[in-house]
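2 protein chains.
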Amino acid sequence: MGRGLHVAVVGATGAVGQQMLETLEDRNFEIETLTLLSSKRSAGTKVTFKDEEYTVQEAVPESFEGVHIALFSAGGSVSQSLAPEAVKRGAIVIDNTSAFRMDENTPLVVPEVNEADLHQHNGIIANPNCSTIQMVAAIEPIRKAYGLKKVIVSTYQAVSGAGNEAAKELYSQTKAILNNEPIEPSIMPVKGDKKHYQIAFNAIPQIDKFQDNGYTFEEMKMINETKKIMHMPKLEVAATCVRLPIETGHSESVYIELDRDDATVEDIKQLLKEAPGVTLQDDPAEQLYPMPADCVGKRDVFVGRIRKDLDRANGFHLWVVSDNLLKGAAWNSVQIAESLQKLNLV
Amino acid sequence: MGRGLHVAVVGATGAVGQQMLETLEDRNFEIETLTLLSSKRSAGTKVTFKDEEYTVQEAVPESFEGVHIALFSAGGSVSQSLAPEAVKRGAIVIDNTSAFRMDENTPLVVPEVNEADLHQHNGIIANPNCSTIQMVAAIEPIRKAYGLKKVIVSTYQAVSGAGNEAAKELYSQTKAILNNEPIEPSIMPVKGDKKHYQIAFNAIPQIDKFQDNGYTFEEMKMINETKKIMHMPKLEVAATCVRLPIETGHSESVYIELDRDDATVEDIKQLLKEAPGVTLQDDPAEQLYPMPADCVGKRDVFVGRIRKDLDRANGFHLWVVSDNLLKGAAWNSVQIAESLQKLNLV
Numbered sequence: 001m002g003r004g005l006h007v008a009v010v011g012a013t014g015a016v017g018q019q020m021l022e023t024l025e026d027r028n029f030e031i032e033t034l035t036l037l038s039s040k041r042s043a044g045t046k047v048t049f050k051d052e053e054y055t056v057q058e059a060v061p062e063s064f065e066g067v068h069i070a071l072f073s074a075g076g077s078v079s080q081s082l083a084p085e086a087v088k089r090g091a092i093v094i095d096n097t098s099a100f101r102m103d104e105n106t107p108l109v110v111p112e113v114n115e116a117d118l119h120q121h122n123g124i125i126a127n128p129n130c131s132t133i134q135m136v137a138a139i140e141p142i143r144k145a146y147g148l149k150k151v152i153v154s155t156y157q158a159v160s161g162a163g164n165e166a167a168k169e170l171y172s173q174t175k176a177i178l179n180n181e182p183i184e185p186s187i188m189p190v191k192g193d194k195k196h197y198q199i200a201f202n203a204i205p206q207i208d209k210f211q212d213n214g215y216t217f218e219e220m221k222m223i224n225e226t227k228k229i230m231h232m233p234k235l236e237v238a239a240t241c242v243r244l245p246i247e248t249g250h251s252e253s254v255y256i257e258l259d260r261d262d263a264t265v266e267d268i269k270q271l272l273k274e275a276p277g278v279t280l281q282d283d284p285a286e287q288l289y290p291m292p293a294d295c296v297g298k299r300d301v302f303v304g305r306i307r308k309d310l311d312r313a314n315g316f317h318l319w320v321v322s323d324n325l326l327k328g329a330a331w332n333s334v335q336i337a338e339s340l341q342k343l344n345l346v
Numbered sequence: 001m002g003r004g005l006h007v008a009v010v011g012a013t014g015a016v017g018q019q020m021l022e023t024l025e026d027r028n029f030e031i032e033t034l035t036l037l038s039s040k041r042s043a044g045t046k047v048t049f050k051d052e053e054y055t056v057q058e059a060v061p062e063s064f065e066g067v068h069i070a071l072f073s074a075g076g077s078v079s080q081s082l083a084p085e086a087v088k089r090g091a092i093v094i095d096n097t098s099a100f101r102m103d104e105n106t107p108l109v110v111p112e113v114n115e116a117d118l119h120q121h122n123g124i125i126a127n128p129n130c131s132t133i134q135m136v137a138a139i140e141p142i143r144k145a146y147g148l149k150k151v152i153v154s155t156y157q158a159v160s161g162a163g164n165e166a167a168k169e170l171y172s173q174t175k176a177i178l179n180n181e182p183i184e185p186s187i188m189p190v191k192g193d194k195k196h197y198q199i200a201f202n203a204i205p206q207i208d209k210f211q212d213n214g215y216t217f218e219e220m221k222m223i224n225e226t227k228k229i230m231h232m233p234k235l236e237v238a239a240t241c242v243r244l245p246i247e248t249g250h251s252e253s254v255y256i257e258l259d260r261d262d263a264t265v266e267d268i269k270q271l272l273k274e275a276p277g278v279t280l281q282d283d284p285a286e287q288l289y290p291m292p293a294d295c296v297g298k299r300d301v302f303v304g305r306i307r308k309d310l311d312r313a314n315g316f317h318l319w320v321v322s323d324n325l326l327k328g329a330a331w332n333s334v335q336i337a338e339s340l341q342k343l344n345l346v
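Keeping their order, the protein sequence lines are chains U and Z.
1 is the number of the first residue of the first sequence in my numbering; add one for each residue after it.
1 is the number of the first residue of the second sequence in my numbering; add one for each residue after it.
Relax, there's no trap hidden among the hints.
Heads up, the list lumps identical chains together, so a pair's fine if it works in one copy or across two of them.
Straight-line Cα separation of at most 25 Å, DMTMM-like style, residue types lysine to aspartate or glutamate; simulated pairs: (1) 298 with 51; (2) 195 with 181; (3) 195 with 283; (4) 191 with 283.
Because the hints were derived from the structure by calculation, they are not lab data.
Take these sequences, add in the hints, and give me the full structure.
So, in structure tokens, the structure goes:
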């Protein structure tokens, strides 16, 4: 601490980039110089940070001269080409894309779970996928106390995870349907895929492209990233990822089987009440449970609907909700930057 | 067959009642006399059936004189008081409420799964919960071939399951949010519960009221009804039920563990392709999978996203979608009536 840093934000005009700037401002992160970068297309955009106006510049290798921390969120191909250039110039890259997540020399970090992995970095630190982050933050306190064998998750994901234009499509399509006008889906479920489907008043069981094994890339991200972050290569993990007509806030129905079978619902609630970054919202008598509409703009992971499985003594069901642009992206990235400072790694 | 029946529809002005009339018309169900009944409040409403106008009458015990089949869908308390009166007068009641489902003398029937249970009826036949019906129709062909140990389901349920006024609330609330007007939720998640929440652009993890064990009544319905319909009191079943901003079409992310561990994805696909009442929609290369927007107005249960669990050889994941007002309610009820005719039970 005590030293103002030169921070670069790559993808400053995007949905996550905007949240990164807001989070840096909210956290009063000590910045001496701020460089805002984007693709050529968005360069020239004016952005306000702490009452000061900045002009977003096109990201090129030379943009990273003198930068201490570069927060990347401009797509995998931008990270692939420019993150190494930033590292070459002395920056630590915190990358919000999937480009380096499964690289064995790149730590994949959720500070509440594996902050210590930051010590082994080689210049790039990967920020996990949004849906992975909130799940591991919720189950890590339980794993620590009771061990963990198996995870089965079904997600309820918001469109903003696919960027600003996806959110725009949701609203314009919703409006068209309410007005009985024809719709022409062009973004959802995956902009770069062959077919596009109605997202308004619908559920699309595809996030990211399909892999050869029938799982989508989003599902494989949740499976592989969870094992890596928790250092449990043998952990059983399965995921079904679904896109819904919600702007922001991912929800997850999570089933876990623990090593031990003596945990009670009250034990789990107590653990989550004390867990960092987690807010327990669980009181059926008062109809208290997490919902996406309530989590927007908040940094925590919200957990509720905690139930013991009726058949297996080591089984529990949870409902996990978080702002996918904050803990799922911008806040986790800034939190990694804060951890780097705390550990004197920057 | 060959004999025109006197059919009564109780709850004829409701969301399901309307679908029952449409289904009876679509199926060209042989009706000699049609009696349309409702609460006192809705009595007097005019309803058209096969180009003929009917006036809906208040349901009273005497309404059932001479009725052969009475389709009930007017809430549990109406069924509780009037179904026995109908039976007393010689009618067979097909009840779409939860009033008699778990009664041990009442068969609970999904014709594709347990049509033979109709032989043991005592005047009342219960139609299962919407979310249960589509799930058991999808997994029964798999169970028959490979046995079944465990089911874990997370649902993505449409608002029309809560009636016409819930659908109205979704649309008026959505409109208000798009116009930046304040909203006042008054129906969702459960009209008769204490608190009401925004359903537009949100996900509410509560359907029906909470039970003492922390599960909702909807979740317990799925658990208990599945065991009863499949005649498997020891089957492991767990459910998490979630309401979403979708008018019609329930989706379900279903994980199953089979007795045998030698089934392949191709085997499961072949079984479902041949299964009655099921349409297989599963081709990742063509982004083909079931979605609620595509299932509306169709009678089948649509299954896709079939994947083998990556850790357990007997584990499979499915995505199951159906029109909750048709196979989930009206069509299954009419289908029971058709089965009764076919089996010469009416």
